[in-house]
Structures are given as C-alpha cells and as structure tokens.
Amino acid sequence: MASITLAGRMAGNPLNHKTVQKLMQHLNLASCIRRKKYNSYKGRYGKAAENSLNRQFTANKPNQKWGTDVTEFNIGGEKLY
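For the sequence shown, this note's numbering begins at 78 and goes up steadily by one.
Keep in mind that the hints were calculated from the coordinates and are not lab data.
Treat each hint with caution, since some may be false.
Said to hold, decoys possible - With a straight-line Cα cutoff of 30 Å, these simulated BS3-like cross-link-like pairs (lysine-lysine) come out:
| hint | residue 1 | residue 2 |
| --- | --- | --- |
| 1 | K113 | K99 |
| 2 | K124 | K156 |
| 3 | K113 | K124 |
| 4 | K114 | K95 |
| 5 | K114 | K124 |
Let the sequences and hints guide you as you build the complete structure.
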C-alpha cells in the first residue's frame, strides 16, 4: 500500500488511502503485515538477589548450595517456561 501511495505521490497525483485500497482490491493485491519484533526488555523492576555464592559453586557437603534458572520462550505469542 505504501509503495502505491508513494508512486502516486512521485507522479504528482496524491492518492487517498481509500483509493489505494480500492485499487489494490481491483488488482487482487494484498499488503504484507509486518510481525512485531520480539523484545524481552520489560524495564527495570524488582530487586536483584544478593550474590551470596560469589561464584564459589563447589560445596563441602551435599545440599549446602543450591541454584536455579528459569528460561522463558515466546512462541506464537505464548510464554513457555
């Protein structure tokens, strides 16, 4: 739709968006709808946990140090963990 509008404008014939829509329907043309690009940034929120391990991951006894990780995937607009 934008290229038809631009072509009309360059030729000196500014076109209304409804005129472009009718022309595209007459020519059986469909515009491509761009998908929203995924962005995981949510801004700053919450507190970061204290770094009590200080990268010392070895332990002298079992169950002395525990760690976890949560990975989030956005597939088809749905969050999977």
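Take the C-alpha atoms of K113 and K99, compute the straight-line distance between them, and say whether it is at most 30 Å.
Answer holds: K113 to K99 is near 26 Å, not above 30 Å.
Within 30 Å, alpha carbon to alpha carbon, are K113 and K124?
Distance ~29 Å between K113 and K124 Cα, so the pair holds.
Between K114 and K95, is the straight-line Cα distance small enough, at 30 Å or below?
Measuring from Cα to Cα gives roughly 28 Å; hence the hint holds.
Would you mind confirming whether the straight-line C-alpha gap from K124 to K156 stays at or under 30 Å?
Holds, at roughly 22 Å.
For a C-alpha distance cap of 30 Å, please report whether K114 and K124 respect it.
Given that 30 Å is the threshold and the Cα spacing comes to 27 Å, the pair holds.
Checked against the numbered hints listed earlier, the structure breaks none of them; every hint is satisfied.
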